[in-house]
Amino acid sequence: MARAAIQPVSPAPRGSGRPLSLVYSGGGPFPPHRRPAVENGILAMAVFLGTEAMLFAGLISAFLILRASAPSWPPADQPRLPVAVTGFNTMVLLVSAYTMQRAAAESRRRRRTAAVRWLAVTAALGASFLLVQGVEWVQLIQHGLRASSSPYGGTFYTLIGCHGVHVLAAVVTLVVLLARFGRTRRIERWQTPIAVCRLYWLFVVAVWPFLYALVYLA
Amino acid sequence: MPRPRPEIRSRPRPVRRPVGALTAVLAATAAVLPPDAASACPLCFAAGGQSTLHAYYVTAALLSLLPLVIVGVFAGWLRQRFKNEPR
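Chains as they are written, first to last, in the numbering used here: chain A, 1 to 218; chain B, 219 to 305.
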């Protein structure tokens, strides 16, 4: 039985769907292009979220140790955090996870109008969360809670601010996605970007209840 | 027809490894320089109390186990994706 000839093949052009191998030992035509089990963007986002989880774990650890070593928490001369308003804000963020799920599901069904609508609702909910957080911060600063006033203020602004920056990044990404996805005719091209945004958004939403329970309630 | 070149064989030279001397130096170093507790962080030596110690235990467990959980969840998720992929 003759062995299959090894034929040098020129590199496949980008977007041709052919595998990126220079040597093919099958002797016949290239096998049909297979869609990967996990898209590159989703894989990259999953790895990135692993590092993000470690970032928040480090910040939470610092918060726990500073809190345990403080004689009283919160300090007597520092203002108390608004638990009720932030609880309502938490509900807003949890609802935004549902709307993001709906947007991803509609994009998989290739319903662009519905997907755009749910994405817009998600971005609006995220922006309202940030707005309430901003108003809350202004009031806390006016009442004397600053990052430099005590470890209480420092850990509060670091931990909650880090999460706020993540929400802001997610909202900006969603707005950019909306602007580009709303004009496209090729919906199937946007399924992976929307899935990546969904992963990031769900992570940001999932982290918040832990922070709320740790910083505001405990 | 060209003559075949004679095969050259050389005996490998024995390599002298100063294993005994290195071990003696390492043992002497370990005996002369015993490790001591390094209290680098202010919290390690300034903060006392059972609650701080408890917080250190909790955070050490969190930071040690979370990477393993992340890798485990990631591997399980990948396995599930490959399992569901039609062949």
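Careful: at least some of the hints might be erroneous.
What the hints assert, rightly or not - Here are some, though not all, of the chain A residues that point toward chain B, as calculated from beta-carbon distances under 7 Å: (1) 37; (2) 38; (3) 40; (4) 41; (5) 44; (6) 59; (7) 65; (8) 70; (9) 72.
Stated by the list, open to error - Sample of chain B residues lacking proximity to chain A, with all beta carbon distances greater than 10 Å (derived): (10) 221; (11) 241; (12) 248; (13) 249; (14) 267; (15) 289.
Since the hints were derived computationally from the structure, they do not count as laboratory data. Fair warning: this is a prediction, and the values are worked out from it, not measured in the lab. Beta carbons are placed, not taken as given, at the ideal position from N, Cα and C, and that holds for glycine.
Tested hints:
Because the smallest distance between the Cβ of residue 37(A) and any Cβ of chain B comes to about 4 Å, under 7 Å, the interface hint for this residue holds. Given hint, residue 38(A) at the interface with chain B, holds; its Cβ is 5 Å from that chain's nearest Cβ, closer than 7 Å. Of the supplied interface hints, the one on residue 40(A) is violated, with its beta-carbon coming no nearer than about 13 Å to a beta-carbon of chain B, more than 7 Å. About 14 Å separates the beta-carbon of residue 41(A) from the nearest beta-carbon of chain B, more than 7 Å, and the hint is not met.
About 12 Å separates the beta-carbon of residue 44(A) from the nearest beta-carbon of chain B, more than 7 Å, and the hint is not met. Against a cut-off of 7 Å between C-beta atoms, the interface hint on residue 59(A) is violated, since the closest Cβ of chain B lies about 11 Å away. For residue 65(A), the suggested interface contact is upheld, since its CB lies about 5 Å from the closest CB of chain B, less than 7 Å. Evaluation of the residue 70(A) hint against chain B yields a violated restraint, the C-beta minimum of about 9 Å exceeding 7 Å.
With a cut of 7 Å, the hint placing residue 72(A) at the interface with chain B is violated, because the nearest CB-to-CB distance is about 12 Å. Non-interface call for residue 221(B) relative to chain A: holds, since the shortest CB-CB distance, roughly 33 Å, exceeds 10 Å. For residue 241(B), the non-interface assignment is confirmed: its Cβ lies about 39 Å from the closest Cβ of chain A, beyond the 10 Å cut-off. The beta carbon of residue 248(B) sits about 33 Å from the closest Cβ of chain A, which is more than 10 Å, so the claim that it is off the interface holds.
Against the 10 Å criterion, residue 249(B) stays outside the reach of chain A, whose nearest CB is about 36 Å from its own CB. With 10 Å as the threshold on Cβ separation, the claim that residue 267(B) sits away from chain A is violated: the shortest Cβ distance comes to roughly 7 Å. Distance to chain A contradicts residue 289(B) as a non-interface residue, since its nearest Cβ pair spans about 8 Å, not more than 10 Å.
Hints 3, 4, 5, 6, 8, 9, 14 and 15 from the earlier list are contradicted by this structure; the remaining hints agree with it.
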